[in-house]
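Asks: Each chain, written out:
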Amino acid sequence: MSAIVEVANVCVELGGARILAGVDLTVAAGEWVTVIGPNGAGKSTLLRAIGGLVPFTGSISLAGTPITRLKRRERARLVASVAQQPVVPPGMAVFDYVLLGRTPYIPPLGRESAADLAIVHEVLSGLDLARFAGRELSTLSGGERQRVFLARALAQGASLLLLDEPTSALDIGHQQEVLELVDELRAERGLTVLATMHDLSVAGEYADRLVLLAEGRVVAAGSPREVLTEDVLARHYRARVRIVDGEHGPLIVPVRR
Amino acid sequence: MTDRPLRLAARPRDPGPEVAQPTPARLRRRWLLVGVAAVLLAAVAGLAFGPVSLPPGSVAAEVLNLFPGVRIESGLTPQEIAIITELRLPRVVLGLLVGAMLALAGGCYQGVFRNPLADPYLLGAAAGAGLGATAAIALRGAVEGDATTRLPATVPLAAFAGALGAVLLAYLVGTVGGRDRGSGTLILAGVAVSSFLTALQTYLLQRNVETIREVYSWLLGRLATPGWHDPLMLLPYAVVTAVVVLLHGRELDVLSVGDEEAAALGLHPQRSRYLLLAVASLGTAAAVAVSGLIAFVGLVVPHIVRRLAGVSYRVVLPLSMLFGAAFLALADLAARTVAAPAEIPIGVITAFLGAPFFVLVLRSTRARPT
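Residue numbers (the working numbering), protein chains in the order written: chain A, 166 to 422; chain B, 939 to 1308.
It cannot be assumed that every hint is accurate.
[Stated by the list, open to error] Capping the alpha-carbon separation at 25 angstroms, the derived lysine to any residue pairs in SDA-like fashion look like this: (1) A:K236 / B:S1121; (2) A:K236 / A:S290; (3) A:K236 / B:R1245; (4) A:K236 / B:A1201.
[Claimed, not checked] Only part of the chain A face toward chain B is listed, based on derived beta-carbon distances under 10 angstroms: (5) G217; (6) G266; (7) G275; (8) A334; (9) L335; (10) I337; (11) G338; (12) V418.
In short, the hints are calculated from the structure, not lab data. All C-beta atoms, glycine included, are put in the ideal place defined by N, C-alpha and C.
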């Protein structure tokens, strides 16, 4: 399969601190890759760099084109991201919020077309959100909101989804619901998913591959079974865990020291 | 890819009957008509009432007579017609333009800064204009005649230059560490520049205490215009500001999710922000130059519109213009009739009427209806 994301020797400095120090990463089209790592490892920064939202050195290509050569609107048609804590604009209705996803297709200073509206309707009903269309986004529950954030990203029509901690604000049931939904959409629409996650068991259950970042470098990469070992987690998380073999991948059980 | 329909058969579909398909937040015709009607009513009221009160129906007929090809018998004497078209009409038009500019600029600033407390004076336009006007009045020399009406002809120019200079200074100070430092730095720069210029103005005033009355009357705002000079001076700025800002309504909606997400959606948030600030400040400076400092309109009118008609800037901006125009024309009517023959400064009226009205709207509306 062709690579949709190619990251080579990427370094990012923010406020004088080196956040990423020579990261290499390739994501094939249709793949689900999850970046894991301790707090401050640079997971979110890596996603922001791939989204073109922070300055970097090295090279990042999307579908074969270096992102520095893409115009913002072109880039926004290729990659859609859901931030860790998306801003909820006060008073904005769900429909209008999801419609923001069509921005890269609406001419500057222009207005949305009937096709844009049709796509928003389709995404909303596909995610079982049509009944919320007129509701204020801020009045929705956490799980409903997360689906709306996802809907906006889908309305963007990009083939690459960047999900930064997509389930960190959700209870365990809604976590599963959202991740199953992402997986269904990936299959339905041929999306590629690059996510960051803290819950290692969940990360391993959904991702094809895991990439472990520590102190701005990739220290382990491969299938969940290859990356999620007691030894690796002890070294990079300083955590004492037991690995249990689960149906969809290794399950991590923390053990008191 | 991606425009294929989603087929998620396993997911439950909406239960129950289909509700009406929601549509994007756009300016509804109903609200547009209400806004236009408010402007027309305020204009006719402003033309009809004063030291000589005239029947509003006849006034409306005379306004229509201003259009080429219209000839309606209003039953008014030539003197009464002259009162309407030569004395009151320029003042009403000036009120409409200033109100529209301040409310539009206020709504725009609130969107650009994502801050409900933003108003057109946030970046120092008021302090700069105040300093400019004070300097023009104080440096002119001795006062002749009635101090409240005879301001030097240089005051509008000085106020205009002061307002624009202050905003430019705030911009330079706020972006000294790079343009990507965010809007918070710019707001703080505006506060610092305002304080600095106000200090200069106070000092100037202390050194020229005999001008205090004139300066104070200018600071509180007034729409006393001796003819068409002021409205015509403001008009080109108003047109440019209105066109540019209104075209950016959707972009301001996108900016409401924050700079980073807006950039991820393909926008250049900083570019849009500085363009909008530049034109909104230009409109504000032009309005302040001819009217003095009229408080409250720019802050409150956009909020009232948001409460009543929706939060999208495609709704807030055009309706703020219309309701701001109507509000200021009515405030001016009150300013010149309540204590006639004396005039109350219009800034006092806008706050006196606006504050309770705003509280009323806050109390009677819950969250935004779409």
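Asks: State for each hint whether it applies.
Replies: Hints, one by one, checked against the model:
Between K236 of chain A and S1121 of chain B the alpha-carbon distance is near 24 angstroms, which keeps this suggested pair within the 25 angstroms criterion. Using a Cα cut-off of 25 angstroms, the hinted pair K236 of chain A and S290 of chain A is violated, with the two alpha carbons roughly 31 angstroms apart. This hinted pair does not check out: K236 of chain A and R1245 of chain B have alpha carbons roughly 37 angstroms apart, beyond 25 angstroms. With a CA separation close to 11 angstroms, the supplied pair K236 of chain A and A1201 of chain B stays within the 25 angstroms bound.
At about 8 angstroms, the closest approach between the beta carbon of G217 of chain A and any beta carbon in chain B falls short of 10 angstroms, and the interface hint on this residue holds. Annotation: G266 of chain A was flagged as interfacial toward chain B, and the flag holds, the nearest CB pair being 7 angstroms apart, inside 10 angstroms. Hint on G275 of chain A holds. Least Cβ distance to chain B is approximately 8 angstroms, under the 10 angstroms limit. Interface hint status for A334 of chain A: violated, as the beta-carbon distance to the closest one in chain B is roughly 17 angstroms, over 10 angstroms.
Taking 10 angstroms as the C-beta cut-off, the interface hint given for L335 of chain A is violated, the closest approach to chain B being about 18 angstroms. The closest approach between the C-beta of I337 of chain A and any C-beta of chain B is roughly 20 angstroms, which is over the 10 angstroms cut-off, so the hint fails. About 15 angstroms separates the beta-carbon of G338 of chain A from the nearest beta-carbon of chain B, more than 10 angstroms, and the hint is not met. For the restraint placing V418 of chain A at the interface with chain B, the shortest Cβ-Cβ distance is roughly 31 angstroms, beyond the 10 angstroms limit, so the hint is violated.
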